[in-house]
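S.K.: One-letter residues, chain by chain:
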Amino acid sequence: MSIREQVVDSWREYRKDGYYDEFDYAWTMTIDLDRCTGCGACVTACQAENNIPIVGKEELELGREMQWIRIERYWEGEYPNAKLKFIPMLCQHCDAAPCETVCPVTATYHNQDGLNVQVYNRCIGTRSCAVYCPYTVRYFNFKEHHWDAPLEQQLNPDVTVREKGVMEKCTFCVQRIRQAKDHAKDDGRRRVRDGEVQPACVQTCPSEALVFGDRKDPESRVSKSMNDARAYRVLGELNTKPSVVYLKKVDADAD
Amino acid sequence: MNVSIVPTLKVLKPAARIVLVALVGIAAGYFANAAFFPGTSPEQPIAFSHRIHAGDNEIPCLYCHVQARRSISAGVPSLSKCMGCHAEVAADRPQVRLLASYWENKEPIAWIKVHDLPDFVHFTHKRHVAAGIECQTCHGPVETMEVVSREAPVKMGLCLNCHRENEVQHGTDCWTCHK
Amino acid sequence: MSRVDRREFLKLIGAGSVGTGAGFMLAESIKHPVEYLIPYPVPPEEFSPGIATWYNSVCGMCSAGCGISVRTREGRAKKIEGNPSHPVNQGRLCALGQAGLQVLYNPDRLTAPMLQNGDRGSDEFVEITWDDGLSRAAERLNAARERGGGIYFLSQGVRGHLANLFELFMGELTGEPGSARLLHYDFTHPHALYAANKRLFGETHLPYYDIGNSRYLLSFGADYLTDWLSPVHHSLGFGQSRQGNAGVRGRCVQIEPRMSLSGAAADEWIPARPGTEGYLALSIAHRLVAEGTYRGGDLDAWRAALADYAPERVAEPTGVPEETIARLAREFARAEPGLAIGGGSAAAHTNGVDTLIAVNVLNYLAGNIGKPGGIVFNPDPVTGGSSVDRQANYRAMQSLVENARQGNIDVLIVNNTNPVFTLPAASGFRDALASIPTIVSLSSFMDETTILADVMLPSHTFLESWGDDMPEPGVGFSVGAISQPVVAPLYKTRATGDIVLGLAGKLGFAESLPWASMEDFLKAGWRQIYARGAGESTDFDAFWRDVIVAGVWGENLRRNDNKVIDTSVIEGIGMPAPRFAGDNDTYPFILHPYLTTALHDGRSANLPWMQELPDPMTGIVYGSWVEINPVTASEMGFEDGDVVTVTSAQGSIEAPVLTFPAIMPGVVAMPIGQGHHALGRYARNRGTNPIEILAPETEPASGSLATSATRVALAATGRRAAPVKTGGESRQLGRGIVQSTGGHSGSAGHSARLNSIPIVVEST
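Protein chains in written order, with the working numbering: chain A, 6 to 260; chain B, 862 to 1040; chain C, 110 to 873.
The hints are simulated quantities; they were obtained by calculation from the structure and are not laboratory data.
Some hints here could point you the wrong way.
[As the list claims (entries may be wrong)] Here are the computed lysine-lysine pairs in the BS3-like style, where the Cα-Cα straight-line distance is at most 25 angstroms:
(1) K615(C) - K632(C)
(2) K253(A) - K229(A)
(3) K246(A) - K221(A)
(4) K974(B) - K987(B)
(5) K221(A) - K253(A)
(6) K120(C) - K871(B)
(7) K21(A) - K246(A)
(8) K229(A) - K246(A)
(9) K967(B) - K987(B)
(10) K632(C) - K874(B)
(11) K21(A) - K221(A)
(12) K190(A) - K987(B)
(13) K632(C) - K967(B)
(14) K169(A) - K1016(B)
(15) K148(A) - K62(A)
[Claimed, not checked] Ranges of calculated distance between the beta carbons of each label pair, as one might list FRET restraints:
(16) G170(A) - A625(C): 53 to 59 angstroms
(17) L135(C) - N1022(B): 28 to 34 angstroms
(18) V867(B) - G170(A): 42 to 48 angstroms
(19) R844(C) - E168(A): 32 to 38 angstroms
(20) M1017(B) - R198(A): 30 to 36 angstroms
(21) V880(B) - P142(C): 30 to 36 angstroms
(22) S138(C) - V872(B): 29 to 35 angstroms
(23) D256(A) - R443(C): 17 to 23 angstroms
(24) P142(C) - V136(A): 33 to 39 angstroms
(25) P481(C) - A236(A): 49 to 55 angstroms
(26) P142(C) - P1014(B): 16 to 22 angstroms
All residues carry an ideal CB built from backbone N, CA and C; glycine is no exception.
Given the sequences, and given the hints that come with them, work out the whole structure.
M.R.: Shown next, in the form of structure tokens:
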């Protein structure tokens, strides 16, 4: 078998339906767009939790923003019928992630919890993954970031501070997942309880638009939420099988 | 055309000697640093001997490093813990007197970290203690050491081999240890 | 081997030494940096290295009074989350609350007491000791007292026991308890809302607006998701009303000239001419009475009061079609319950109080008083008096300015409020400070007001201080929360309460203010709360500990009282026309300054997270802009990024143009918060401050500044400076990223529920 065939075969294998059924957890987030107000609390909560650098005005002018979760805004219509719609956008932790197949050093891959992993110390900064990501949720460290003292005292010791030349993105707050598993082991439980893990964005959302949990547990809040009639996946036609499920905004005046 | 490499070599000969001497110098400097300023067994503010405590007196590791069984970090004992014994025991020895002077001034002791993992590694003492891993597996025979040095190569290979041998659940997943 | 001559020998020696040095440095460079393990001499009881400790406290970023839980590791604060037990925010927090950590760890904090060492504003200071600082301040205060001169204390709005301490201190200092020289000043304080509630319902405190249980929310200019009263609580309510009440999806309608965040979240956004929101409310009221929705008494009085506000008459001045008004009235009447709220720009006109009365009339006529999903009146605060009466409106600030000019003020104490930035230049506040011989600042940062002070006694941040807060408007019953220090103080600063007690000590007030510290004062105050009923705690110490651990205390004093409005009050209902400063021809646009979550009244412009949080409506970071209707902009030949001057009769500022699809043609909008000349590296010299050019136009009934009553003109400068904008394409272009579905009713989603408060006592 040629290398090409091997690669294609392995891709086929992990894109088959049911490939992930053997995995332990399938961490999933639902985002109810009818509840989301676009306030941005999730954005700052994420920056605080995940040591996301302050990039500065000059870098932002170059489009080098760093927000693992961001609010996208889309206008519809014109005055006086203009509408503004918000959508929080973060790494979709796709089961068939385009970013994973292109990393030359396997610094990004899918793990047994259904998470799209980014290993910083393995990343060599080719930025291929960012090019292939249809959601543009991967962020590259174009420079060594700096915290004016004593702002660095706020940095979360459970999360790596990334260096220049490394790609980074939403981890579903893996440090919180890890801690919840640790507590479960302490209590002699095999599994993490529903609601025990809440990523920073979900925890803080003032309108309770975000729900996080394990979709393998049919009783979990996220399972129930993702089975709502309003559920859809962004750019679902690309067949990336995202683990972030959106609930459609209700347009009360339509039909 | 008749081209010879010999003239070039002749010109380079003195330079080669200098380069050779410089290379020897680099090697000497490198090893001198490693030999005389070993980062792995630094001089601590108090000449604490693990041999006396953990070896001769057989004090269990977790008696002092009490956090190891409930935290990611094993912790170093607080001054109050040391003084719990040393208010009475061996109070006349010079190093213990040094300890007592810290205690009187309520000045914390800045111990130098010997076993230090990179910041992108998540290691939890709690889970490893709970799994019954001996401290010596990673820290070496500390109870025999007058001055602690890093003997076991605490590199990724050590972790992975152990995780593989013990068939740790998801023990080779990157996000088990990398954060 | 050839002989080594001297020259060659020296070369070799040189090469050898350089090589050795290089090798040594190489080994050094790849060595792990030395790290230390520094254990506590005596560790605190709850401390373990590697394990996070959480402390409950109170958020100090705005006046909503949310409960917070702060995660600390190794003695450092790492993350702020909402306290799940606190009924106001129920575990949730806004972006500004999350950024509280950057107040604590801000690199531009004042770190020790200082003395102005040059002319005011020269930015030359010398560090002094606390004893020296307090003595100097006390000396000047004593001198002023002996002279019989004026002493003013100007604080940011504070509640709870700190407010009581200020009262005691100023009572003692001026010799008159309840001295009018104690002022709380917040730019965002809703004076008009208080005045309207007082007039219509006779209430001195704001009622609780139950958005979560309402089926129809009619908001007149109140940006309840961004800055109005208690945004996190309102967001919870919004979520619940949308998708949390089984079977019914609440509808939200927002009426305002420029779409706010709440306008974007609403199902319907209706632009109404600035200052005419009250006409619209009375017009809906007219329909409620005419169609028999209102079933209470005084029907004739109501008919008479509302006679002039039939939809066909109001359509023209408001710019809202007659049928829309009739439909709104129909929908509001049918919703059970519906809720009408008003604030923001609607309250910031010269008829603001009348507008808010008109809005409350809707709630009254629809029978929404004292009901879930409507308006619930709050009990009086448990700390006794309320500092709300202390809030200085624009009129009070003007009389302060006048007193200063006349030389009646010897000493001004300023505590964490920044009127130099948040009062218009026309107020003359900045210049009046020059006539005050001594200014003492207790602020934590070198803001525009503090930079003019003579003595700086910097206070701790809220994360380092003891305190408490009784949130207002709260949630319909009494809630109190204790704020405790979550980290050891970073610098040589002191808690505000301790500074005041320190001054009291220097002034010889030991008899009337005998407490050694704010903590003691707080405990003494909470003993009285304990006496009201302690729940399950056996003694005060246990109660105190329980409240600190829980972070919140509640008392079930719900009032479900209805109100009957007096006939005389009904007769007084009506809408005067709004006045605008500046004539239409010279100044064709009405300036609409608005607040954002991130920068609030400008106080958080020094927080890098807030500077880098894209503005929710525009995606802009680090800067100011002027929003213009796209059609108007193209008529005037403006493109996005063209720098224009915005000129009022009071002054002129510059900002780049941003065409904004949801703003009325005659209105231009600017965000508040940028344009600082001080406040540290992240805030300074960015954007412009629209407050600067506001006309000193006041709302007569409440005495507050009518911030939306200034007319302006725009003129091109010929320069371009596009604001930094994050995000990509502003339209979906058929990609179906945000999808929506038809208007069927909501699903039975999860519902925001009030978590049980650990300590709730039934009052005895």
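S.K.: Which hint numbers does the structure go against, in order from smallest to largest?
M.R.: Per hint list: 9, 10, 13 and 25 violated.
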